[in-house]
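Let's have the full structure, built from the sequences with the hints guiding it.
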Amino acid sequence: MKRGTRVFILKKTIELLLTVFIVTILSFILMQISPVDAAEAYAQRSQTPNNPEAIEALRESMGLNAPLPVQYWNWLQGAVKLDFGVSYVNQQDVFSQVTTAFSFTAKVILLAGCIEAFIIILLGGLCYICRKRISGYILSALCFAAVSIPPFFFASTFIDVFAVKLGIINVVSNSGLLKYLPASLCFVIGTSAFFAPLLAANIEKEMKLDSAYYARCRGLSERRILFRYALPTALASILPSFFQMLALSMTGAIIVEQVFSIPGLGYLIMNGVTNRDPPVIHATILLLALVLSLFNIIADLLNRTLNKGSINTEGEGV
Amino acid sequence: MKKIGNILALAVPVIILTLFVLGFLFEPNSPTKTNILEKYAPASAEYPFGTDAVGRCVFSRILEGGKTTLGIVLLGSAIVLTIGITFGMLFARTKGRSSIISDSILNSVTAIPPIAYLIILVGIWGNSIPTMVVALTVSLLLRMIKLVMTLIEAEYGKAYIRCAVACGAGKCRILIIHIMPVILKDIIQYICLSCSDMILAISGFSFIGLTLGSDVVDWGVMLSDARRTSAQYPALLIYPIACIFICSLCFNFLGHRLQRRDG
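For the record, the sequence lines run as chains X and R. One gets my numbering by counting positions in the first sequence from 1 and adding 109 to each. One gets my numbering by counting positions in the second sequence from 1 and adding 1205 to each.
Derived from the structure by calculation, the hints contain no laboratory data. Among these hints, one or two may not hold up.
To be verified - Derived coverage of chain X by chain R (criterion: at least 3 residues anywhere in the stretch with Cβ under 8 Å from a Cβ of chain R; other residues may be distant): (1) 115-124; (2) 128-136; (3) 363-370; (4) 377-389.
Said to hold, decoys possible - Listed below are the simulated BS3-like cross-link pairs for lysine-lysine, each with C-alpha atoms no more than 25 Å apart in a straight line: (5) R:K1208 / X:K241; (6) X:K314 / R:K1390; (7) X:K241 / R:K1207; (8) R:K1207 / R:K1244; (9) R:K1351 / X:K120; (10) X:K314 / R:K1207; (11) X:K274 / R:K1244.
Treat the numbers as computed from the prediction; the structure is a model and nothing was measured. By construction, the Cβ of each residue, glycine as well, lies at the ideal position given by its N, Cα and C atoms.
Shown next as structure tokens:
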């Protein structure tokens, strides 16, 4: 068992490094064959005389003339020391920019995750309890429909209705966690709607198992079986995919943030794209890859530990 | 009776999606022709859904947007299906051996969700129809290959394959005639669910301003145009969002129906 754990950790570390390596290489190659040249874009912005010699000098000073492997190696050396250079737009340190932006996105996602967990349990339980009634069918149909509505539409509707029309909330000046609540809620709807029927189906499966049957024979009440045995197991089985979903929300956040004008990763990427700012784009992509694969590893880890548990309780693995 | 219901449940979304794809053939007006004299016209025989802020026919734009969005998604899926299945079959290990190197490379490449690859590609190249098709293909392809490989490896251990091997069937024959029909359902299910995500992503990008091109019509652009006047003319907002919703729902529904029942 000890050895298995060590192999698992080693394998996951290699995978993490490989992922980051492949993704950053990809972003360099793509940047190289990009139709718009970063130096030209910079020249246009900074009113450098737009003649070929000036742009060529600019390219030289930006290090864009070096062959791709050299560029990558230079960048990698800096990246290891957390030095990602300065942005070509505002001459600020990229690392501090990216970490600030990340903290905004992380707040939105974490807040969404907490609310989601709560609502999924509530809604999933409700779906299970009403599963044979008309209300249950309506509930699961609603959940099914809610998955198909884009989160950015919730976001824009939210702003149009609550901020513009009713003037209840002020999107700009709210402070604290309240500021991120609307953005988080946009994810909560879709994700909860996705997981609640899943949870209900899992609970139903658990309640039909032999173990539940024996528990009934022992005279335990249906409610006790549900809360003591079925619900925890059902929750454990959706936990890994829940973590993967959180990682997915991270990428979805890029669009929703834009609507709420939260200066998160989405803002950074969008700005980097419109201004052709390679240092910012590379650093953001690196961070994105790192966080996503970390979430993935957490999901794997959970899967591993929880599966081990279920094998122990059931006596024999399937 | 139940069988008819099953066929109907698959046929209805397919027909709806086909209508959206081919709808552009029936455009009553040009989707980009402006007519400033008739802005915000109510629904009429000439303009079935009315006109927008610069007098363009909303109905025609909806149909054109369907062609753009669904065209990208379906073209991308077709490429992913062909290449993914071919390579998946080529790479699938049928001997039960597993190599740590190829495994970890494949795992690390697929560790990032397809949408993230989409963002990286769109982020660096900017948005346009070819970029979107390439991005969609690249992002889904790796997962597709992995899925096909996993499915084939799972099928290979089963008894009916051993019987086929005992009867002297070659590897090609087993893969194409015996395994393909079984796993095709799972593959198409995966593609359907991804298509639904992709529709949301494509319209999301053009909604926040990364448009597909200056004169390309798609639902995300229509939404962001309509948002400016949503208080006075909410209908302009409702048509595109309803289309996004219906298409995404159709793909989700198809994926859901195709899910293999236990056993």
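Now the hints, each set against the structure:
| no. | hint | verdict |
| --- | --- | --- |
| 1 | 115-124 | holds (count 3) |
| 2 | 128-136 | holds (count 5) |
| 3 | 363-370 | holds (count 4) |
| 4 | 377-389 | holds (count 4) |
| 5 | R:K1208 / X:K241 | 23 Å, holds |
| 6 | X:K314 / R:K1390 | 24 Å, holds |
| 7 | X:K241 / R:K1207 | 20 Å, holds |
| 8 | R:K1207 / R:K1244 | 49 Å, violated |
| 9 | R:K1351 / X:K120 | 18 Å, holds |
| 10 | X:K314 / R:K1207 | 24 Å, holds |
| 11 | X:K274 / R:K1244 | 24 Å, holds |
Consistency with the previously given hints fails for number 8 only.
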